[in-house]
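In order, the protein sequences belong to chains R, G and B.
Start counting the first sequence at 1; every next residue gets the next number (the numbering used here).
Start counting the second sequence at 1001; every next residue gets the next number (the numbering used here).
Start counting the third sequence at 2001; every next residue gets the next number (the numbering used here).
Accuracy of the hints is not assured; some may be wrong.
[Stated by the list, open to error] Pair by pair, the computed Cβ-Cβ distance ranges are:
| no. | chain 1 | residue 1 | chain 2 | residue 2 | range |
| --- | --- | --- | --- | --- | --- |
| 1 | R | Val273 | B | Trp2133 | 25 to 31 Å |
| 2 | R | Gly128 | B | Val2031 | 37 to 43 Å |
| 3 | B | Gly2335 | G | Asp1419 | 39 to 45 Å |
| 4 | B | Trp2052 | R | Ser267 | 56 to 62 Å |
| 5 | R | Leu246 | G | Asp1443 | 55 to 61 Å |
| 6 | G | Ala1065 | B | Arg2312 | 34 to 40 Å |
| 7 | B | Gly2335 | R | Ser267 | 40 to 46 Å |
| 8 | B | Phe2049 | G | Val1398 | 40 to 46 Å |
| 9 | R | Glu307 | G | Pro1179 | 31 to 37 Å |
| 10 | G | His1097 | R | Val57 | 42 to 48 Å |
| 11 | G | Ala1384 | B | Arg2212 | 41 to 47 Å |
[To be verified] Residues on chain R that point at chain G, a partial pick, calculated with CB under 8 Å:
| no. | residue |
| --- | --- |
| 12 | Asp7 |
| 13 | Ala10 |
| 14 | Arg168 |
| 15 | Thr169 |
| 16 | His170 |
| 17 | Ala177 |
| 18 | Asp183 |
| 19 | Ala184 |
| 20 | Ile190 |
[Said to hold, decoys possible] Quick list of in silico lysine to any residue cross-link-like pairs, SDA-like style, CA-CA up to 20 Å:
| no. | chain 1 | residue 1 | chain 2 | residue 2 |
| --- | --- | --- | --- | --- |
| 21 | B | Lys2170 | R | Met110 |
| 22 | B | Lys2180 | B | Pro2168 |
| 23 | B | Lys2170 | R | Glu272 |
| 24 | B | Lys2170 | B | Ser2109 |
| 25 | G | Lys1207 | G | Ala1437 |
| 26 | B | Lys2170 | B | Val2103 |
| 27 | B | Lys2170 | R | Tyr275 |
| 28 | B | Lys2180 | B | Ser2109 |
| 29 | G | Lys1207 | G | Ser1150 |
Rather than coming from a laboratory, the hints here were simulated on the basis of the structure.
Just so we're clear, the structure is a prediction, and the values are computed from it rather than from any experiment.
A virtual CB, placed ideally from N, CA and C, is assigned to each residue, including glycine.
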Amino acid sequence: MITPLDDFLAAAVRTATPLALAALGECVTERGGVINIGLEGSIVSGALAATIVAGTVTGTVGVTAGFAAGAVAGLIIALAFAIFTVYLRADQIITGTAITLLSLGLTGLMYKSFYGATGVGLTIPTIGAVEIPLLARIPVIGRALFAQPVVTYALYALVLLMAWWFMRTHSGLALRAVGESPDAALAAGIRPRRVQAFAVLFGGAMAGLAGSTLVLAQSGTFVENMSAGKGFIAIAIVVLGRWTPLGVAGAALLFGGASALQYLFQSLGWNEVPYQLFLALPYVLTLIVLARASGRAAAPAALARRELTLG
Amino acid sequence: MTNVSDALHTSSPALALHGISKSYGNVIALHNVTMHVQPGTVHALLGENGAGKTTLMRVAFGLVASDAGFMEIAGARVSEHTPARAIARGLGMVHQHFSLVTAMTVTENIALGQHGVFTPAHVAEQIRTLGERTGLPINPNARVSDLPVSAQQRCEIVKALARNARVLILDEPTAVLAPDEAQALLRWVRAFAAEHPSHAVVLITHKLRDALAVADDVTVLRRGQCVASGVASSFTEASLANAMLGPTERSASVEAEVLPSVRPHTDSVGAHHVVLQADDVTVHDDRGVARVHSASFNVRAGEIVGLAAVEGSGQTELLRAMAGLRDVASGRLHRPTDVGFVPEDRHHDALLLDASLTENYALRDAGSRHGRVPWRELAERTAAVLSQRDVRASGPEVNARTLSGGNQQKFVLARALDDAPPALVIENPTRGLDFRATAHVHDALRDARDAGLAILFYSSDLDEVLALADRVLVLHHGVLRQVPREREVVGRAMLGLT
Amino acid sequence: MNASAHHVTGPLLRVAALLAITLAVLITLLVASGFDASVALQAMVRGAFGSWYAITSATLVRAVPLALTGLAVAIAFRAGLLNIGAEGQLLAGAAAATAAASVLGATPSALLLPLVLLAGVASGAGWAGIASWLRQRFGVLEVISTIMLNFVALYVVGWLVRGPLQEPSKFYPQSLPLAKSLQLPALLEGTRLHVGALFAVVLAAVAWWWLRDTAGGFRLRAVGMNASAAAVSGRINVARVSMYAFLASGALAGLAGAVEVTGVTYALYDQSPGYGYTAIAVALLARLNPLGVLASAVLFGALQAGGNAMQRDAGVPVALVNVVEAVLILLVIAGERWRGSVR
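Starting from the given sequences, assemble the full structure and let the hints guide the process.
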């Protein structure tokens, strides 16, 4: 039988999945020395692109194409960010804010011109959970971890792959070097701009995937501003995860848990606690966690720097 | 050195630069420079700060694209040069400010810039082997930020050698080292060049002594032009100095800068009252680590006290404590409230680059001022300072960014000296300045000293300490002591030897 | 042509070019989304400038909170603080003003109105103070913390209008309307423009003078330009200057919230037009100059008033205004690329 705790844990992993996807991408971006506050824009654009494609093409092909479209949309938004920050060396924070605003506006506009002013009743088929035999039977955590949509399993693989990539490949080394010291990277024959552009685009595509996941694996519909600050939470997750893939995955799970608490409390019948306070909880938690994680000790040294090279 | 003349005729140069020119806007950095580095030799590239030495070598290494001219490596003409290609073609460059990722290990730094899978244990083994073979021992698993400067430099050289560099370009390698370390490095350079017929070293330096001690050939740049080149044995310190500075610019007062050892100095110690005094002072850095241990010393009115130390010995913390910018952890500090301070990094710590000179002048009292700022008066005062102190700027309203480095430093110094404070603390007074600006700053400091100012300064250049200081203090691992003003003694003390 | 004439025409040309490109983007988007651009633009212009009423009661009424929050952002950015949290500080101000009004409402007297505004100011400053404290005590990037606090403020307001501050029938998610004596008087008879507009003009002038001519203003600018040089060469207490700048920024945004409640909405609602976010564009377009903020606030006020009219009369989603604002910010950034830092 399924207990409220099972429900809570499953919801935690489900909520954590898009957060982890976006945060892993941002982890790569920040390791390359760029902080992309426009992540939010890539998420919401990915969500809309996935909605449009999966709503037009039916069946498994449509869902797969939906994920791909989401990634591409997120990448396109990140491309705009990269042009301003990596090539024009504009302020990353201000550019990111503008890109978020741009994406929220564009998606709102496109959504209404695609689906009319009301947009009511739009439903997209979602991908269901796939149980992994044996593993799903593990007590307590089995169903939470191993009865999830395929995209969650892809995430597990990605976390491990990325941890290996950071520490055990020369391209991972190059990425970290650019984030720490673009001058040193340049002198070693690495092209910092190219690396940063790649890091931003990768982060955008991952955020787009996160947006597709919101639609195709969870809500089954698009709502304006449905990213609801997840891009910003993803950035906080990267800080909490100390810029490592495994740390990011753990931090994402923590945030998923905080968001899922409301389901647990509802199922336990604690309805007197106002739900707005639950909605605010992840954001408050972010603040507390950032204060605890204290500062930039483990942050890439050249993060958010405008001058690419000092020499 | 017979191999030099042999090589000239028998084989093509290891590195040849032909007619290299480079301009930034209307500033000519290099004009038609030609330089041939013969295999098996050490080639000294001499010139004052700003003469174009580093720019020329950045062109050679593919970091800067030249406007005109071409280059050959081992006889092969090079086109579309980038750092990656320079490395592939057998060049290795050790920059004056190291190109190391300090947050990474030695192994990771040395592996940087390659492709495929990275196996740390494998690379570490290579580093150990290479270190033994070439006499450059280094711990592959150490984090670079934990290494002393001399080990970081070894790491840079090993990095180049690990990529099979045959031609090493070393940019001012002795500037950051204590004299004994510098001697050891120069011996290594000599041996490396002699070791294999395809090896060569380009030694960028402004120190004549280093050049003549180790080089086979010499090329001298002045204001972006090649003004002398030839076999080292055909030059003397005096003839090189003439070439570096130009015959007309050399006067009695500049001799001290280029040849510090020939300048006698009168001692003014003991003539005046104590202005700055430290009793048993311990100072911590930002992380709470003690960097200066129980230091006691004083600075009197009308004297210049110079501090010599290897980088990272605690000098920054000590000077900033004396300037009142950092609290002492224990001990007593006696200092007047208005000590002038000139930081080492002008751009980072001294100037608002995008603000006017008037606003930059106003910065000195910004912390204590109340009410309205009298901008009109301040603009007049700034204009007066500019003309009195010979700061070349078109007026007080221009932004600090538009001034040359030398004029920025003159301005910062003038700002600190205006209102005649009783004491001045100054870090690396002439870092990055050309010869004229250096001489100007030194003269200004001596004049201020003669007018009764107590001056405490640190310089990473031992020659500058010896040229400028009336008394010398040495800091080694946070332990301070006073030593006689003799090159040999100071040099040993910097390494903690007695 | 002399230099002084060039000083005037240069910025004017710049603004004209900005607006021309923005208009081109606007038309392109309208056409691409299948709308009749001329109908939409006419609706927009009519909604913003079509009548005395449109100018005062639509454009200028929106310009007031935009100017106050724009000043808040400009002050913070000038001090090198990336306060993205004007929205949350505005909401905090609005909530506190409403709460104060509901407490004081029992004893109606015009003398209490300043107290209501003051509650908003204090609350906005306090909300910014959290981010300031997190920054100084723990080194938390204010960009992140202020964004988080925006969301928290939004949900807290959502809870207040369904909880402690909800109107007595407990049906609508909103507060009780303010007592007449606690509402800001009209500035121009027959329009919705209130005396809050005067606050914006006076505060912009004061901020402009203060930044330029006072020691405190210079300290703030010095810290913003180069905090390290300010500390080392100016012996400025950077932490204290940053804190005061952050609090002042929050206070201005909080005032904007209080002025909205007492001058326009007369009650607290669950929804926000997002003035605090638009304020970033307002401040950047004005190049962080307080007097410029007034002009750019009117422009954005017109854009939003026009955007609403466009949605009403031509069916164009108001989200389009967000796009236009973003394009304006990006154009300013691209322009700054050639002349140094935006910060």
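Among the hints numbered above, which are violated by the structure, and what are their numbers in rising order? 6, 7, 10, 11, 12, 13, 21, 24
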